[in-house]
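J.: Mapping to the working numbering: the sequence shown position 125 is 138, numbers consecutive.
Honestly, the hints are just simulated from the structure, not real lab data.
Check the hints yourself; a few may be wrong.
What the hints assert, rightly or not - Distance windows between CB atoms, simulated:
no.: 1; residue 1: 105; residue 2: 56; range: 22 to 30 Å
no.: 2; residue 1: 24; residue 2: 50; range: 22 to 30 Å
no.: 3; residue 1: 211; residue 2: 83; range: 30 to 38 Å
no.: 4; residue 1: 56; residue 2: 18; range: 15 to 23 Å
no.: 5; residue 1: 121; residue 2: 83; range: 17 to 25 Å
Stated by the list, open to error - The calculated BS3-like cross-link candidates involving lysine-lysine, where the alpha carbons are at most 27 Å apart (straight line), are:
no.: 6; residue 1: 41; residue 2: 116
no.: 7; residue 1: 23; residue 2: 79
no.: 8; residue 1: 56; residue 2: 196
no.: 9; residue 1: 56; residue 2: 93
no.: 10; residue 1: 56; residue 2: 116
no.: 11; residue 1: 116; residue 2: 97
no.: 12; residue 1: 105; residue 2: 41
no.: 13; residue 1: 139; residue 2: 108
no.: 14; residue 1: 139; residue 2: 56
no.: 15; residue 1: 108; residue 2: 167
no.: 16; residue 1: 97; residue 2: 197
no.: 17; residue 1: 167; residue 2: 197
Just so we're clear, the structure is a prediction, and the values are computed from it rather than from any experiment.
By construction, the Cβ of each residue, glycine as well, lies at the ideal position given by its N, Cα and C atoms.
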Amino acid sequence: MAFWYAFNEKHEDYTHADDSRYYDPELKEQVDRDAQEAGVKQKSVANNDELLSYAAYVYATAVAIKVADYIGTTLGDLAKQTAKLGSSIYGKHIKADLSVINKMFDGATWSDRIWSNQDALRSDLKKMMKNALLTHSNPITQSPALRKKFGVMKYQSDRIIRTESDRVMAHQSIVNAREAGYKKVVWVINSGACDICLQHSGEVYTLKQAEGMIPAHPNCLCSWAAYDTGDEVDE
């Protein structure tokens, strides 16, 4: 964070009194440039405290935008790959149902969770910057802690991808089965399945019943396979 180093250089003896002092225009311009580059809305500020809040907002939001774009693209590609696999298995063209990508899971969409994580990151960044300034900590020694905060969001995002990937694949597998003329699917567990999923292994459900059952928990890697009841009709 170039802004962080520059701010420290200009405020080596920062105190609470500096919070209400007029901000440095050059520092504000730097954050504005970073905001514009990241596609983040620019904001006006009146003092140093508001500038720090603005900076935390810009850099946390920039990360969230990149993560959201990455996850959205990843899930879309996964739905298409699963549809393509279904087309190969069942011998008929199956389209990917991209509408599932932004649907709710466990009471929230994955994008809701990304922005919730962004709010937490923004708050943490502001607190860490203020604490470092008031204790006159070396900005270099504080940088690893700041990077660690961004790393936490990466971990949370990776977890979201794992869970949402299974949700998208599970839904598309049901779509594949439906398009191929099947009426039921069977629960297929991953080789490292947990106790929660082990008890479902081999269970058979109608397509309607199966919707939303997988993932059974965060990081779930279970899937659905078409189940032949013997009365499927070839179209």
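J.: Each hint: holds or not?
T.: Verification of the hints:
Separated by about 53 Å at the C-beta atoms, residue 105 and residue 56 break the suggested range of 22 to 30 Å. Separated by about 24 Å at the C-beta atoms, residue 24 and residue 50 satisfy the suggested range of 22 to 30 Å. Between residue 211 and residue 83 the CB atoms are about 32 Å apart, so this pair conforms to the stated range of 30 to 38 Å. Hint check: residue 56 to residue 18, Cβ distance near 22 Å, so the stated range 15 to 23 Å holds.
At about 19 Å, the beta-carbon gap between residue 121 and residue 83 stays in the expected band of 17 to 25 Å. Of the pairs offered as hints, the one joining residue 41 and residue 116 is violated, with about 38 Å between alpha carbons and a cut-off of 27 Å exceeded. The suggested pairing of residue 23 with residue 79 is violated, with an alpha-carbon distance near 30 Å, which exceeds 27 Å. Among the hinted pairs, residue 56 with residue 196 is inconsistent with the structure: their alpha-carbon atoms are about 54 Å apart, more than 27 Å.
Note on residue 56 and residue 93: the hinted pairing is violated, with a Cα-Cα distance of about 39 Å set against a maximum of 27 Å. Between residue 56 and residue 116, the direct Cα distance comes to roughly 31 Å. Violation of the 27 Å bound is thereby established for this hinted pair. For the suggested pair residue 116 and residue 97, the alpha carbons sit about 21 Å apart, so the restraint of at most 27 Å is met. A threshold of 27 Å between alpha carbons decides the hint, and for residue 105 with residue 41 the separation of about 57 Å lies outside it, so the pair is violated.
Proposed proximity of residue 139 and residue 108 is contradicted: the alpha carbons are some 45 Å apart, above 27 Å. Between the alpha carbons of residue 139 and residue 56 the distance comes to roughly 16 Å, so the proposed pair stays at or under 27 Å and holds. With a C-alpha separation of about 31 Å, the suggested pair residue 108 and residue 167 falls outside the 27 Å cut-off, and the hint is violated. For the suggested pair residue 97 and residue 197, the alpha carbons sit about 20 Å apart, so the restraint of at most 27 Å is met.
A hinted pair counts as satisfied when its Cα atoms are at most 27 Å apart, and residue 167 with residue 197 does not qualify at roughly 37 Å.
The structure fails to meet hints 1, 6, 7, 8, 9, 10, 12, 13, 15, 17 from the earlier list, while all remaining hints are met.
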